[in-house]
Structures are given as structure tokens and as C-alpha cells.
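J.: Please take these sequences and the hints and turn them into a complete structure.
Number of protein chains: 4
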Amino acid sequence: MKVTVWNENRHEQKNPEVRAVYPEGIHSAIAGFLAEAGYDARTATLDEPEHGLTEEVLNSTDVLVWWGHIAHDEVRDEIVEKVKQRVLDGMGLVVLHSGHFSKIFKVLMGTSCDLKWREADEKERLWVINPAHPIANGLGEYIELEKEEMYGEHFDIPAPEELVFVSWFEGGEVFRSGCTYTRGKGKIFYFRPGHETYPTYHNKDIQKVITNGVAWAAPTGSVKPVYGNAKPLEAIAAK
Amino acid sequence: MKVTVWNENRHEQKNPEVRAVYPEGIHSAIAGFLAEAGYDARTATLDEPEHGLTEEVLNSTDVLVWWGHIAHDEVRDEIVEKVKQRVLDGMGLVVLHSGHFSKIFKVLMGTSCDLKWREADEKERLWVINPAHPIANGLGEYIELEKEEMYGEHFDIPAPEELVFVSWFEGGEVFRSGCTYTRGKGKIFYFRPGHETYPTYHNKDIQKVITNGVAWAAPTGSVKPVYGNAKPLEAIAAK
Amino acid sequence: MKVTVWNENRHEQKNPEVRAVYPEGIHSAIAGFLAEAGYDARTATLDEPEHGLTEEVLNSTDVLVWWGHIAHDEVRDEIVEKVKQRVLDGMGLVVLHSGHFSKIFKVLMGTSCDLKWREADEKERLWVINPAHPIANGLGEYIELEKEEMYGEHFDIPAPEELVFVSWFEGGEVFRSGCTYTRGKGKIFYFRPGHETYPTYHNKDIQKVITNGVAWAAPTGSVKPVYGNAKPLEAIAAK
Amino acid sequence: MKVTVWNENRHEQKNPEVRAVYPEGIHSAIAGFLAEAGYDARTATLDEPEHGLTEEVLNSTDVLVWWGHIAHDEVRDEIVEKVKQRVLDGMGLVVLHSGHFSKIFKVLMGTSCDLKWREADEKERLWVINPAHPIANGLGEYIELEKEEMYGEHFDIPAPEELVFVSWFEGGEVFRSGCTYTRGKGKIFYFRPGHETYPTYHNKDIQKVITNGVAWAAPTGSVKPVYGNAKPLEAIAAK
Chain A
1 MKVTVWNENR HEQKNPEVRA VYPEGIHSAI AGFLAEAGYD ARTATLDEPE
51 HGLTEEVLNS TDVLVWWGHI AHDEVRDEIV EKVKQRVLDG MGLVVLHSGH
101 FSKIFKVLMG TSCDLKWREA DEKERLWVIN PAHPIANGLG EYIELEKEEM
151 YGEHFDIPAP EELVFVSWFE GGEVFRSGCT YTRGKGKIFY FRPGHETYPT
201 YHNKDIQKVI TNGVAWAAPT GSVKPVYGNA KPLEAIAAK
Chain B
1 MKVTVWNENR HEQKNPEVRA VYPEGIHSAI AGFLAEAGYD ARTATLDEPE
51 HGLTEEVLNS TDVLVWWGHI AHDEVRDEIV EKVKQRVLDG MGLVVLHSGH
101 FSKIFKVLMG TSCDLKWREA DEKERLWVIN PAHPIANGLG EYIELEKEEM
151 YGEHFDIPAP EELVFVSWFE GGEVFRSGCT YTRGKGKIFY FRPGHETYPT
201 YHNKDIQKVI TNGVAWAAPT GSVKPVYGNA KPLEAIAAK
Chain C
1 MKVTVWNENR HEQKNPEVRA VYPEGIHSAI AGFLAEAGYD ARTATLDEPE
51 HGLTEEVLNS TDVLVWWGHI AHDEVRDEIV EKVKQRVLDG MGLVVLHSGH
101 FSKIFKVLMG TSCDLKWREA DEKERLWVIN PAHPIANGLG EYIELEKEEM
151 YGEHFDIPAP EELVFVSWFE GGEVFRSGCT YTRGKGKIFY FRPGHETYPT
201 YHNKDIQKVI TNGVAWAAPT GSVKPVYGNA KPLEAIAAK
Chain D
1 MKVTVWNENR HEQKNPEVRA VYPEGIHSAI AGFLAEAGYD ARTATLDEPE
51 HGLTEEVLNS TDVLVWWGHI AHDEVRDEIV EKVKQRVLDG MGLVVLHSGH
101 FSKIFKVLMG TSCDLKWREA DEKERLWVIN PAHPIANGLG EYIELEKEEM
151 YGEHFDIPAP EELVFVSWFE GGEVFRSGCT YTRGKGKIFY FRPGHETYPT
201 YHNKDIQKVI TNGVAWAAPT GSVKPVYGNA KPLEAIAAK
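Chains as they are written, first to last, in full-length UniProt numbering: chain A, 1 to 239; chain B, 1 to 239; chain C, 1 to 239; chain D, 1 to 239.
Please keep in mind that the hints were generated in silico from the structure rather than gathered at the bench. A hint or two may mislead.
Unchecked claim - The calculated PhoX-like cross-link candidates involving lysine-lysine, where the alpha carbons are at most 20 angstroms apart (straight line), are: (1) D/147 <-> D/204; (2) A/106 <-> B/106; (3) D/204 <-> C/106; (4) A/103 <-> B/204; (5) D/208 <-> D/2; (6) D/208 <-> C/106; (7) A/103 <-> B/103; (8) A/82 <-> A/231.
As the list claims (entries may be wrong) - Have a look at the derived ranges for each label pair, beta carbon to beta carbon: (9) C/49 <-> B/224: 43 to 53 angstroms; (10) B/234 <-> A/140: 17 to 27 angstroms; (11) A/48 <-> B/237: 50 to 60 angstroms; (12) A/202 <-> D/233: 14 to 24 angstroms.
Glycine included, every Cβ here is placed at the ideal spot set by N, Cα and C.
T.: Here it is, written out as C-alpha cells:
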């Protein structure tokens with residue numbers, strides 16, 4: 001399975017605090033544990049030509065992982081359109097944390113994807129709501145993160161097809177933290193944690209969820225449907 | 001309740017066959033039975049200024065009914081954006097038949113909304129799949145239409161939150177004909193039948209479904225959520 | 001609309017603390033605010049003949065509200081079976097708090113309906129997750145209860161068709177607090193709060209939710225489906 | 001993966017027509033192609049001690065496949081209860097055809113599971129509604145069966161979590177033919193075709209669906225949740 005981990009890779013360039021946590025960028029950290037899990041994992045970043053997402057890269061990607069935050073607007077619309085088309089054609093998509101506001105996630109959801117947020121070094125506890133789900137495979141009853149950014153409801157997304165995690169926050173909010181969707185032949189997993197100043201992607205349970213999420217989002221299913229004008233399969237009386 | 005029935009109103013201008021079925025346009029036929037049902041129903045059409053959907057009209061519309069087909073591309077993007085925002089803010093939306101390919105439906109769904117189709121004067125039977133649903137109120141087990149255009153699966157939409165009808169077609173296909181969604185504070189009902197050359201909107205059961213659909217899609221719910229940076233509701237230890 | 005509020009009415013008999021909060025029983029408190037909201041509300045309790053749920057009562061009930069806790073086992077199986085059949089035939093059912101472990105809820109869900117719990121006078125905050133839902137009508141972003149019993153995930157229920165509320169608890173847990181289901185022609189709403197020692201059912205927002213829930217669960221929909229052997233509606237070639 | 005294929009195995013004993021199609025029983029036919037697909041597949045039948053479903057067998061079964069029809073009532077309640085408990089604990093369950101009326105399926109669904117039916121040698125066409133679903137893996141747009149028993153809507157089941165197939169029948173009906181559910185930690189797949197007098201389970205596409213269904217239903221997920229009284233994870237002010 002071929003996984004491409006996309007990152008806007010801007011905080012890492014500007015902020016030494018972030019660089020201290022992810023010296024080679026969030027994308028490399030994620031691609032690292034995915035490679036250890038046995039995937040063929042590569043990376044792509046905003047400032048590469050075509051944001052690193054050429055047709056060749058997209059067409060050979062089974063699952064795309066997306067991290068973006070301060071540069072959503074710099075992602076070119078025609079690239080977003082190509083990514084969307086690849087998702088509808090079957091490529092899996094794992095959207096992380098602040099990717100909730102990425103163009104690609106918003107266009108696939110059809111909503112504002114807005115939420116409440118707060119940076120206050122507070123505790124997050126992600127409860128497993130669906131213990132039968134493959135994305136929760138190998139986890140305990142919850143994942144605890146000592147310090148994370150808060151995201152709170154209302155999260156303006158379509159009702160998830162499957163709700164896997166709900167977060168409790170120290171400051172009093174809750175959040176639907178693990179949500180799955182299908183769009184066309186593509187499967188989408190949104191996973192909340194991962195603020196750039198915290199070592200969240202070094203956490204073993206978080207790595208397990210993302211690894212499981214990539215496996216879950218892998219292309220599968222029936223042939224690509226045929227659309228448009230169709231001849232009848234049975235005789236029609238009026239003809 | 002204020003209902004605005006929008007129609008591109010082009011087939012009626014060009015095609016005497018359509019005009020024979022809907023002498024005052026599909027929009028007037030629909031607004032007519034909605035008014036009889038007690039709604040404050042008005043119409044809007046493509047060739048009016050701002051397509052008849054000024055801010056004043058949109059802001060005073062509780063539920064918008066949408067019929068379009070050959071002129072989807074002529075609907076201006078900024079009007080689509082305004083309609084989308086109104087839906088997210090709570091306005092109901094009832095999308096009919098070929099409206100599956102309208103800009104507003106596609107942007108709210110996030111998928112291609114493509115399907116199979118055929119014009120062959122064939123029989124359609126819409127089975128009630130969810131007999132507990134208010135949109136099915138007052139119906140029998142199915143609605144039978146002697147002649148309709150066929151729409152067949154795969155219908156490239158997100159899995160409906162509620163599936164109310166599934167159609168059987170004489171030529172061998174099936175179709176998810178009555179689908180509900182929520183986007184933001186707005187409720188959306190897609191209903192399949194209504195090809196312009198057939199008297200479908202004069203059928204009493206079809207009128208009942210659209211009337212029920214408008215009632216179901218009416219604005220309701222809690223206050224508009226507050227988004228963005230949020231102060232904690234509880235003390236945070238790290239602070 | 002006729003509403004029957006069922007209560008096992010045992011805590012009120014045994015425990016002066018409960019009687020102080022609900023002098024005429026939880027059932028009378030709930031029936032009281034439902035009557036004020038304009039419903040034809042009556043009560044039924046465990047120790048009445050047939051638990052107050054005779055066929056006459058059931059057949060004339062549009063929505064049944066259920067509160068039980070320490071005497072679930074005393075509810076006779078044949079009454080449970082009758083209530084279940086009435087739900088499948090279209091009667092609405094609103095299950096409150098410890099009713100999660102009632103025979104009627106478990107048999108309609110097909111799961112254990114188990115959960116975590118704790119009595120510790122802790123704060124509960126019920127967040128509105130679906131601000132478009134009629135059950136949330138008229139609410140703010142959340143309901144806050146200063147002291148309640150905690151119910152925590154994992155809650156062993158089928159994934160709700162609609163998730164309306166998620167609770168945050170002071171002690172660190174979350175809970176799916178407002179869940180809707182359809183079974184046959186009947187609509188079911190489970191609502192979490194309401195431990196017998198707290199004045200929860202005197203809270204105006206809680207009353208609003210239960211009142212909305214009763215309205216939402218009211219019988220509607222198409223005719224009762226016909227089951228069993230069916231003659232073909234179309235000619236079959238092999239015949 | 002260990003799969004147990006359960007069959008009541010009565011038609012095969014009584015009816016030479018069925019024996020001609022399945023000389024070693026439906027269970028052996030199904031276990032045969034599952035073994036070819038690489039599963040550790042065994043069989044169990046009604047007339048074995050404990051219906052072949054001893055605790056040892058159940059505890060070592062990852063996925064149970066169920067076919068029953070004329071002898072549902074002979075399945076002992078305590079065995080049904082054990083199977084249910086194993087499903088809630090994580091064992092997958094694939095229910096075939098007339099198994100819709102089995103005790104185990106009804107108790108897990110909470111509804112009557114009733115439907116329309118007709119034996120008339122008619123054509124069935126199962127359309128793939130969710131082409132992204134792993135249960136549809138490797139299929140074309142539909143499966144066509146020249147002669148099958150008809151099952152028609154309304155099918156009295158809870159709304160499926162995922163709807164994979166919808167059937168078209170020659171006689172004019174439709175049916176939700178492939179439905180998934182989760183109950184506790186267990187995953188359930190209902191698949192419609194398989195009347196005993198037709199060679200349906202010899203059809204390669206039908207075999208593919210059942211093989212995919214078994215893979216999909218395999219146990220996965222997080223640890224078994226802890227239920228009951230729970231100590232707080234955070235300090236509670238009132239204490």
C-alpha cells in the first residue's frame with residue numbers, strides 16, 4: 001500500500017518550538033511510523049512544485065494523509081480539484097487536526113467545518129465510542145494526552161457515518177474526534193489531535209490510530225460505476 | 001412558513017410539450033399545491049434579477065424548493081454561495097429530480113451526484129422504505145408512476161442520513177429516490193421524480209411527499225452555534 | 001396527542017430524599033410539564049394492575065415516557081412484549097436515564113445497554129451536537145446541570161440514527177446523552193439525565209428536551225406495511 | 001480466521017430437489033468455498049448436540065454464518081442467548097436469506113424482521129449501492145440471479161448502518177439485500193439471496209460477497225469496555 005503524507009510544512013520553518021518537536025517536519029514523523037508499520041510511505045509538501053501532488057503522485061497513492069493549518073489558502077484550487085477527483089475514484093484520505101479547515105476537507109463535506117478552539121495546554125481524553133471499529137484496533141478504553149489544543153462542539157460537519165472517538169477536554173468541552181465518511185469510492189477518516197507544538201504524533205496510541213486509519217481507508221469495493229445514459233436491462237412495455 | 005419554489009423555467013419556454021403539461025411552469029404548479037396545503041408559497045426563476053434569489057428573498061425563506069436541468073451552469077456562483085450559507089444557517093432545501101446535478105446540491109453533497117438515466121416512458125414504483133418517517137405521512141406502501149424518466153444506481157451521493165424511498169424501474173434498475181441530509185443547521189430532502197414532460201407534479205401522492213418534505217425541512221433546533229476561540233468553562237490545571 | 005408517563009415509583013416510596021424532590025413522584029412531575037405544554041398527559045406506575053399499561057391504555061397512547069431503575073425485573077415480560085408491539089406499530093417511546101437498563105429498551109436495542117456510572121454530585125454539561133434537530137429546539141449551545149449521576153462510555157447501544165447530545169462530566173468521562181432510533185413504525189428517544197435524588201426534571205431546559213422529544217416521537221408515516229406472501233405486481237417471464 | 005457455518009439442515013433431509021442442488025447440505029457448500037478462500041471453516045447443524053454450538057465451538061469461532069428457515073423455533077433459547085453474548089463480545093455474524101426470521105437475528109435487531117415474499121422463479125438483480133464497501137470488493141455493478149425467491153419491502157429492520165446492496169425483482173419489488181450492523185463489539189452482515197431450491201450458493205459472485213462479508217465481520221477493535229461503577233479520572237469539586 002502506497003501512502004503519501006502531505007504537510008504544509010510552514011510552522012516547522014518559522015517556529016523553533018515546533019522544529020524542536022518535529023525536527024524533520026510533521027510529515028516525516030508520520031511517514032516514519034507508517035513506514036515502520038509496513039506501508040510504502042512518502043511525503044509531499046506545499047512548497048514543492050504542484051504542492052508535491054502531481055498526477056503521477058496522486059495516481060500512485062492509495063491513501064493520502066493531510067496536515068495543514070496556516071496556509072490552507074495557498075493550496076491551489078486545481079490541485080484540490082484533482083485530489084477530490086482521486087478521492088471520488090477511490091483514494092483514501094486521512095485528515096488530521098487543523099486539516100478540518102483545509103479546502104479539500106471542506107469541499108468533500110459541504111459544510112463550514114468550523115469549531116471552537118483554545119490553546120491552553122489542557123488535558124484531552126479521547127474515548128473509544130465504537131469498540132468494534134477497526135480504527136480502534138489495539139487500543140484501550142481511551143487515549144489520554146496531557147496537553148493539547150482544545151477543539152469543541154459544535155463541529156460543523158455532516159453527521160459522521162461512523163463515530164469512533166469522542167474527546168473530553170479539561171476546560172469543559174467535548175468533540176467528535178474520530179469520524180468516518182465515504183465520498184464516491186473513497187473513504188475519509190478525520191482524526192482530531194495533533195497541534196504542532198505538542199509531541200502528539202510521537203504518542204504510540206495516536207500512531208496506532210493513524211496506522212489503523214490508513215488501513216481502513218485503503219481502496220476497495222466494486223468496479224467504478226458507469227454513469228450517464230443507460231440502455232434498459234429489461235423490456236419496457238411502452239416501447 | 002414561507003416557501004420559495006425556484007425553477008430554471010427553460011423547458012417551459014422552449015418546448016410546447018412541457019408547456020402543455022405545466023402551462024404556468026413547474027414552479028407555479030408546485031407553488032400552487034403548497035399554497036393549498038397552507039404554506040406561504042412564492043416562486044423565483046433563473047431569468048429574474050439575481051435569479052429571483054435576492055438576500056431579501058433568501059432571508060425570508062424558510063424552505064427553498066429547487067428544480068433545474070439544462071441551465072445549471074447559468075446559475076451564478078455567488079448566488080449558489082449565498083444559498084449554501086442560508087442552508088447552513090437553517091433554511092430547508094428540497095431538491096427535485098434533475099436538481100441532483102445543480103451546483104447547490106453538488107456543493108452541499110461533496111460528490112459528483114452522477115447517476116444512470118434513460119428516457120423511455122417506463123414505469124416507476126417508489127417503495128416506502130421508512131414507514132415511520134414524517135415525509136411518508138399519509139402514503140400507502142408505494143407510489144406508482146406509469147411513465148417517468150429512469151434514474152439508476154449507482155447514485156454518487158453520500159449515504160443518506162435517512163432513506164425514505166427506493167424506486168423500482170421497469171427497465172431493471174433501482175434508485176434511492178428519497179434521501180435526507182443535514183448540513184449545518186439546514187435540512188435537505190432530495191426527491192427523484194419529476195421529468196418535465198410527464199404530469200408527475202400533478203400526482204396527488206407526489207404532491208403529498210413534497211408537502212411533507214417542506215414541513216420536515218422547516219427550520220428548527222438550538223441557537224446558532226458560536227465558533228472560534230473559546231474561553232474555558234472549567235479551570236485548567238496548567239494555567 | 002396522548003402521552004402516558006410510566007414510572008416504577010419505588011424510590012419515591014422508600015426514600016424521603018427522593019420524595020422531597022418529587023413529592024408526587026417523578027411521573028407526576030413529568031406529566032405536569034407535558035400537560036402545561038399542551039399534551040393530554042396521564043401517568044402509569046409499576047404497582048397498578050398490569051403496571052397501568054392495559055391494552056386500552058397502550059392503544060390510546062401516542063407516546064410513552066419511561067422511567068425505571070431498581071425494579072426493572074418486576075416488569076412482567078408479557079407487558080414488555082405488548083409495549084414492544086405497540087412501538088413497532090407506531091407508538092413513540094421516550095426512555096429516560098436509568099431506563100437504559102429497562103427490559104423494553106434492551107429488547108428494542110438488541111444490546112446489553114450497559115455503561116459506566118458514578119454517584120458523586122458532579123457537574124454534567126450536555127452539548128448540542130446536532131443544532132438542526134427538532135429535539136434541540138429552543139436550546140442554547142449546552143445544558144448545564146450542577147449535580148448529576150455520571151454515565152460514561154462505552155454505552156453499549158447500537159449507533160444512534162441521530163446523535164443529538166453528548167455529555168461532558170467533571171470526573172473525566174463523556175456520554176452519548178440524546179440518541180434517536182426507529183423500530184418498525186415507532187420512534188424512540190433516549191435521554192440521559194434524571195437521577196432520582198436531583199431536581200433534574202424541574203430544570204426548564206430538561207423539560208424542553210423531553211417536551212420536544214415527545215413531539216418528535218409522535219406517530220406519523222405511511223400505512224402499516226403488509227407482510228407475508230405477495231402476488232407479483234408485474235408479469236414474471238418464467239410463469 | 002475460524003469460521004463456523006451453521007445450517008438447520010432440514011430441507012436437505014426432506015426434499016430431494018434441495019438435495020440435488022446441495023448434496024452435502026447448504027452448510028457444506030458454503031464451508032467449501034470459504035475453505036478455498038483460505039479460512040479455517042467448519043460446520044454445525046441443528047440436530048447436533050447443542051445444535052453444534054457448544055461453548056468450545058463458539059469461543060473458538062471468529063465469524064458465524066447462519067442459515068435457517070423451517071426450524072427457527074427448534075433453536076433453543078439458551079443457545080440463542082450464548083450466540084448473542086458471543087456477538088456482543090466480538091464474534092462476527094453473517095445471516096443469510098431466510099435467517100432474517102431466526103431467533104438470533106430478531107433478538108439482535110429488536111424488530112419483527114418481517115418482509116414480503118414470493119416463490120415464483122423470478123429474476124433478481126442485486127445493485128451495488130456502496131461501491132466503496134469492502135463487502136462489494138471485486139464485484140461488477142450488479143449481480144444477476146436468473147431465478148430466486150422474492151423478498152420485498154417493507155423489510156422491518158432497523159435502518160442499516162451501511163447499505164451495500166438493493167435488489168430489483170422482476171415482479172415489481174425492491175429489497176435492501178446487503179445490510180451491516182454493529183452490536184456491542186460484534187459486526188453483523190445480512191445478505192438476502194439463497195433460497196434452498198436454487199443453486200445460488202454455487203454462484204461465484206454470491207460466494208465472493210459471503211467471503212468478503214466474513215472478512216469484514218472478523219473481530220477487531222479496542223479492548224472490551226469495562227462497565228459498572230467507575231472511579232473518577234479527575235477531581236470532583238463537590239467531594
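J.: Give me the numbers of the hints this structure contradicts, sorted from smallest to largest.
T.: 3, 4, 6, 8 and 11
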